[in-house]
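**Q** If you want the building blocks of each chain, they are given just below.
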Amino acid sequence: MPVEGATANSPLLTVSNLTKLFGSFAACNDINLQIDQGEIHALLGENGAGKSTLVKMLFGVLAPTAGEIVWQGRNVRIASPAAARKLGIGMVFQHFSLFEALTVAENIALSMDSNISLAKVAEEASRLSHAYGLPLDPKAHVADLSVGERQRIEIVRALLQNPRLIILDEPTSVLTPQEADRLFETLNKLKAEGRSVLYISHRLEEVQRICDRATVLRHGKVTGACDPRAETPASLARMMVGSDVAAVTAEGTSTKGDVQLEARHLSVSARTPFAVSLKNICLKVRAGEVLAIAGVAGNGQGELFDALSGEYPVADDAAVQIRQKPVGTRNINARRLMGAGFVPEERHGHAAVSAMPLSDNLVLARSRSDAKAFLGGGFLNIIRRDAVAAATKRISEAMDVRKSGEDPPAGSLSGGNLQKFIVGRELDRQPAVLVVNQPTWGVDAGAASRIRQALVDLAKAGSAVLVISQDLDEIFEVATEIAVISEGRLSDPYPARELSREKIGLLMGGMYGKTEGTGAVHAH
Amino acid sequence: MGIVEAILLSVITAATPLVLAALGELVTERSGVLNLGVEGMMVMGAVCAFAATQITGSPYLGILAGIVCGAVFSQLFAFLTLTLVANQVATGLALTLLGLGVSGMLGEGFLGMQGIKLQPIAIPLLSDIPVIGPLLFRQDIIFYLSIALVAGVHWFLFKSRAGLKLRAVGDSHASAHALGVNVIRTRYLAVMFGGACAGLAGAQLSLVYTPQWVENMSAGRGWIALALVVFSSWRPWRLVAGGYLFGAVSISQLHAQAFGLGIPSQLLSSLPYLATIIVLILISHNRRTTLINTPASLGKPFVPDR
Numbered sequence: 001m002p003v004e005g006a007t008a009n010s011p012l013l014t015v016s017n018l019t020k021l022f023g024s025f026a027a028c029n030d031i032n033l034q035i036d037q038g039e040i041h042a043l044l045g046e047n048g049a050g051k052s053t054l055v056k057m058l059f060g061v062l063a064p065t066a067g068e069i070v071w072q073g074r075n076v077r078i079a080s081p082a083a084a085r086k087l088g089i090g091m092v093f094q095h096f097s098l099f100e101a102l103t104v105a106e107n108i109a110l111s112m113d114s115n116i117s118l119a120k121v122a123e124e125a126s127r128l129s130h131a132y133g134l135p136l137d138p139k140a141h142v143a144d145l146s147v148g149e150r151q152r153i154e155i156v157r158a159l160l161q162n163p164r165l166i167i168l169d170e171p172t173s174v175l176t177p178q179e180a181d182r183l184f185e186t187l188n189k190l191k192a193e194g195r196s197v198l199y200i201s202h203r204l205e206e207v208q209r210i211c212d213r214a215t216v217l218r219h220g221k222v223t224g225a226c227d228p229r230a231e232t233p234a235s236l237a238r239m240m241v242g243s244d245v246a247a248v249t250a251e252g253t254s255t256k257g258d259v260q261l262e263a264r265h266l267s268v269s270a271r272t273p274f275a276v277s278l279k280n281i282c283l284k285v286r287a288g289e290v291l292a293i294a295g296v297a298g299n300g301q302g303e304l305f306d307a308l309s310g311e312y313p314v315a316d317d318a319a320v321q322i323r324q325k326p327v328g329t330r331n332i333n334a335r336r337l338m339g340a341g342f343v344p345e346e347r348h349g350h351a352a353v354s355a356m357p358l359s360d361n362l363v364l365a366r367s368r369s370d371a372k373a374f375l376g377g378g379f380l381n382i383i384r385r386d387a388v389a390a391a392t393k394r395i396s397e398a399m400d401v402r403k404s405g406e407d408p409p410a411g412s413l414s415g416g417n418l419q420k421f422i423v424g425r426e427l428d429r430q431p432a433v434l435v436v437n438q439p440t441w442g443v444d445a446g447a448a449s450r451i452r453q454a455l456v457d458l459a460k461a462g463s464a465v466l467v468i469s470q471d472l473d474e475i476f477e478v479a480t481e482i483a484v485i486s487e488g489r490l491s492d493p494y495p496a497r498e499l500s501r502e503k504i505g506l507l508m509g510g511m512y513g514k515t516e517g518t519g520a521v522h523a524h
Numbered sequence: 001m002g003i004v005e006a007i008l009l010s011v012i013t014a015a016t017p018l019v020l021a022a023l024g025e026l027v028t029e030r031s032g033v034l035n036l037g038v039e040g041m042m043v044m045g046a047v048c049a050f051a052a053t054q055i056t057g058s059p060y061l062g063i064l065a066g067i068v069c070g071a072v073f074s075q076l077f078a079f080l081t082l083t084l085v086a087n088q089v090a091t092g093l094a095l096t097l098l099g100l101g102v103s104g105m106l107g108e109g110f111l112g113m114q115g116i117k118l119q120p121i122a123i124p125l126l127s128d129i130p131v132i133g134p135l136l137f138r139q140d141i142i143f144y145l146s147i148a149l150v151a152g153v154h155w156f157l158f159k160s161r162a163g164l165k166l167r168a169v170g171d172s173h174a175s176a177h178a179l180g181v182n183v184i185r186t187r188y189l190a191v192m193f194g195g196a197c198a199g200l201a202g203a204q205l206s207l208v209y210t211p212q213w214v215e216n217m218s219a220g221r222g223w224i225a226l227a228l229v230v231f232s233s234w235r236p237w238r239l240v241a242g243g244y245l246f247g248a249v250s251i252s253q254l255h256a257q258a259f260g261l262g263i264p265s266q267l268l269s270s271l272p273y274l275a276t277i278i279v280l281i282l283i284s285h286n287r288r289t290t291l292i293n294t295p296a297s298l299g300k301p302f303v304p305d306r
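As they're listed, the protein sequences go chains B and W. Residue numbering for the first sequence follows my numbering, starting at 1 and increasing by one per position. Residue numbering for the second sequence follows my numbering, starting at 1 and increasing by one per position.
Since the hints were derived computationally from the structure, they do not count as laboratory data. Errors might be hidden in some of the hints.
Claimed, not checked - For lysine-lysine, the following PhoX-like pairs were computed, each having C-alpha atoms within a straight-line distance of at most 20 Å:
| hint | chain 1 | residue 1 | chain 2 | residue 2 |
| --- | --- | --- | --- | --- |
| 1 | B | K139 | W | K117 |
| 2 | B | K139 | B | K120 |
| 3 | B | K120 | W | K159 |
Claimed, not checked - Between beta-carbon pairs, the in silico distance windows are:
| hint | chain 1 | residue 1 | chain 2 | residue 2 | range |
| --- | --- | --- | --- | --- | --- |
| 4 | B | M356 | W | P301 | 33 to 41 Å |
| 5 | B | S414 | W | G180 | 30 to 38 Å |
| 6 | B | R368 | W | V85 | 35 to 43 Å |
| 7 | W | A151 | B | S117 | 15 to 23 Å |
| 8 | W | A174 | B | L364 | 40 to 48 Å |
| 9 | W | A174 | B | N333 | 33 to 41 Å |
| 10 | B | S267 | W | S270 | 36 to 44 Å |
| 11 | W | L280 | B | R368 | 30 to 38 Å |
| 12 | W | L93 | B | P135 | 46 to 54 Å |
| 13 | B | N333 | W | G180 | 41 to 49 Å |
| 14 | B | D316 | W | L274 | 49 to 57 Å |
| 15 | B | D316 | W | L280 | 30 to 38 Å |
| 16 | W | G260 | B | N333 | 43 to 51 Å |
As the list claims (entries may be wrong) - Footprint (simulated), chain B over chain W, 3 or more residues, beta carbon under 8 Å:
| hint | segment |
| --- | --- |
| 17 | 176-189 |
| 18 | 210-220 |
Note that beta-carbon positions come from the ideal geometry of N, C-alpha and C, so glycine has one too.
Start from the sequences, fold in the hints, and give me the full structure.
**A** As structure tokens, then:
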């Protein structure tokens with residue numbers, strides 16, 4: 001169904017000199033942007049470049065400090081998301097604003113006019129979802145759905161408002177390659193109807209594939225507007241990052257030693273209804289090797305990390321082996337004492353206590369495993385502040401952690417710098433085994449490259465490294481072996497250089513290509 | 001009337017205030033607010049209902065006074081926790097202590113007075129059905145109200161748009177706010193409904209259960225109502241089952257004591273509480289149902305940003 005009143009020539013949205021200040025910090029500085037009718041427009045930029053701030057202003061979540069927004073030739077002030085929806089702007093957030101305990105239909109109904117009955121909403125939603133190739137069961141509880149399905153709810157919810165412009169914030173970061181293909185088909189359908197799409201991403205390959213124009217942001221400023229198809233990935237990356245990012249070198253990690261970390265038929269039942277159970281997982285990581293586990297979020301990665309690290313010990317002692325000793329029933333400190341190091345997923349609240357300074361965060365993680373270095377006074381276990389301060393300094397220097405002051409609270413560091421510190425905290429011990437979950441999720445390219453190089457270097461020095469990641473670029477940069485986790489099952493490992501992205505995609509989407517998404521692979 | 005009927009009647013009378021107070025708290029918690037002040041609101045309702053009945057001579061005005069008093073008293077909690085974002089657990093406990101104290105003070109002049117019992121209303125035809133008729137259709141208005149309210153709340157929560165918004169606020173207040181639902185107003189109203197129900201439960205105690213005023217006459221029923229909400233996994237009809245089960249156990253222990261069984265009376269009086277704990281353990285077994293129904297934002301303060 002084409003949109004009414006779409007006049008082809010005039011721009012749909014023009015943003016002039018838009019600025020947003022947080023205190024004295026300019027998150028968006030003098031932004032100019034124009035979106036035409038029926039185009040897919042990319043907004044490129046690294047984390048922290050100001051993409052989210054810009055779209056929040058367009059969707060009425062944040063109020064701009066200066067500048068103007070012209071919508072269909074009219075100067076507008078967008079005061080709230082409701083006002084944005086009324087104008088014809090729909091948004092699909094990166095972190096979904098869905099209600100887990102409610103059904104699909106109830107979730108959709110919440111964003112609609114109150115006078116439409118729930119049954120009618122369900123009917124309309126299922127009609128739209130079929131028309132755009134986004135199958136959904138209106139009666140399903142959101143808690144039981146995959147991330148891809150949740151995204152479909154968000155998209156259908158936005159489509160029900162019949163928008164002229166749909167903003168998608170990093171939509172493929174949570175999808176398998178096949179799911180992403182289906183999303184692109186949907187976007188092309190929207191474009192054919194004369195609707196416009198603002199597509200936020202930092203994935204150059206995607207942007208080149210589906211977008212007609214691109215606006216590139218860096219440090220809150222527009223650094224380029226171009227036709228992405230006329231550019232090379234390298235030239236786009238330069239606009240995004242400003243300089244060439246140091247490439248991670250994984251060469252020379254071929255010498256393999258003994259098995260240092262092993263899971264033998266590891267099965268763990270789900271702790272909560274929303275968790276995934278692990279089914280008969282077998283893996284081996286040898287000294288000098290980086291095994292990367294790929295997979296879409298929520299397929300058992302967190303549960304696997306918990307079992308390997310001992311955050312939740314398992315019943316079968318032999319199911320987890322560190323340096324060829326059974327440790328399944330041992331806790332995380334016992335495993336650390338045997339020479340293993342662990343970096344969990346969330347920086348704030350899991351890997352670090354945001355309100356505490358870096359030195360205290362260091363003591364919390366290592367007071368048991370490195371008691372000799374950090375504690376004194378015999379049974380009194382008094383913290384040796386000088387040793388802790390020295391170690392904090394050593395780690396910060398080794399990982400190039402940029403911070404204000406000697407020992408600031410963890411929460412005051414940027415995501416990338418805190419992540420560098422947390423990874424460095426474990427590397428500082430020279431662990432024989434390192435397990436790290438999503439090592440560079442949501443950090444900038446510079447920090448990511450630093451962390452990845454450190455992981456590769458650790459393996460080169462003779463440690464066994466297990467990396468759990470959703471980011472395929474990262475996996476191909478660091479891994480010597482790759483396995484894929486899907487619904488709590490782990491595939492066999494493949495040597496990294498023998499595995500294609502398509503093959504990984506098939507493994508991600510379930511077992512060996514028997515999924516709904518397989519048709520899309522052959523489509524391009 | 002036989003002994004069985006007498007027992008069943010007393011079970012209904014014992015269960016009604018539990019169902020009412022728990023129903024109010026269920027709605028409050030579905031909106032994401034944990035109000036531990038049920039006991040305090042209940043006893044305030046009891047003293048106001050009794051006083052108003054004594055002064056006006058009409059137990060119906062007494063019921064109204066109980067409801068209004070519970071609702072008004074609950075708004076103190078709402079103001080502290082929703083507007084001033086005070087800790088909900090601490091504020092709820094304070095509300096209970098305050099309610100017990102203030103009701104004792106208000107009720108001092110009414111101690112030992114002969115109360116006016118709320119008269120049952122026989123429903124024509126239905127009340128003539130043998131056994132069931134006198135039990136279910138020759139009851140006072142508060143019993144009828146309790147059943148109607150349970151049905152109404154079930155409809156409201158799961159069929160109406162406003163109820164959907166209320167559940168959304170309880171599940172994720174940030175998302176609900178982003179969709180334009182007024183989180184704070186929804187919670188104020190939910191807390192007020194909880195207070196009104198607790199007040200009505202209190203009125204039942206001082207007008208039906210034991211028509212007089214005694215200090216602390218809620219006697220821990222507010223706490224049992226709180227447990228019943230968890231027991232019901234936040235579903236209204238299950239709450240009725242729980243309330244009547246609890247009422248039955250507490251009445252049967254009284255009768256068991258009267259019959260002089262050779263069991264220590266202390267053990268018998270602890271039976272209802274033991275039963276509550278056992279059922280709570282059994283019910284928490286089905287974790288999926290519990291989690292789907294548990295309001296995820298329960299007890300978490302909400303401060304809108306912008």
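**Q** If a hint holds in the structure, say so; if it does not, say that too.
**A** Outcome of the hint check:
Restraint check: the Cα-Cα separation between B/K139 and W/K117 comes to about 49 Å, which exceeds 20 Å; the hinted pair is violated. At most 20 Å may separate the alpha-carbon atoms for a hinted pair to count; B/K139 and B/K120 meet this at roughly 13 Å. Distance check on the hinted pair: B/K120 and W/K159 sit about 13 Å apart at the alpha-carbon level, within 20 Å; holds. Between B/M356 and W/P301 the C-beta distance comes to about 22 Å, which lies outside the given range of 33 to 41 Å.
Between B/S414 and W/G180 the beta carbon distance is about 32 Å. The supplied range of 30 to 38 Å therefore holds. A hinted range of 35 to 43 Å for the beta carbons of B/R368 and W/V85 is consistent with their spacing of about 37 Å. The hinted window of 15 to 23 Å between W/A151 and B/S117 holds, with their beta carbons roughly 20 Å apart. The hinted range of 40 to 48 Å is not satisfied by W/A174 and B/L364, whose Cβ atoms lie roughly 28 Å apart.
The given range of 33 to 41 Å is respected by W/A174 and B/N333, whose C-beta atoms sit roughly 35 Å from each other. In this structure the supplied range 36 to 44 Å holds for B/S267 paired with W/S270, their Cβ-Cβ distance being about 42 Å. Checked against the hint of 30 to 38 Å, the pair W/L280 and B/R368 passes, with Cβ atoms roughly 36 Å apart. As the Cβ distance of W/L93 to B/P135 is approximately 49 Å, the hint placing it in 46 to 54 Å holds.
B/N333 and W/G180 have their C-beta atoms about 48 Å apart, which keeps the hinted 41 to 49 Å range intact. In this structure the hint that B/D316 and W/L274 lie 49 to 57 Å apart at CB is violated, the actual value being about 37 Å. Range check, B/D316 to W/L280: Cβ separation about 31 Å, and the 30 to 38 Å hint holds. Separated by about 59 Å at the C-beta atoms, W/G260 and B/N333 break the suggested range of 43 to 51 Å.
Closer than 8 Å: that is the beta-carbon criterion, and the segment 176-189 of chain W has 5 residues meeting it against chain B, so the requirement of 3 holds. Only residues whose beta carbon comes within less than 8 Å of a beta carbon in chain B count, and the segment 210-220 of chain W has 0; fewer than three means the coverage is violated.
Of the hints listed earlier, those the structure fails to meet are numbers 1, 4, 8, 14, 16, 18, in rising order.
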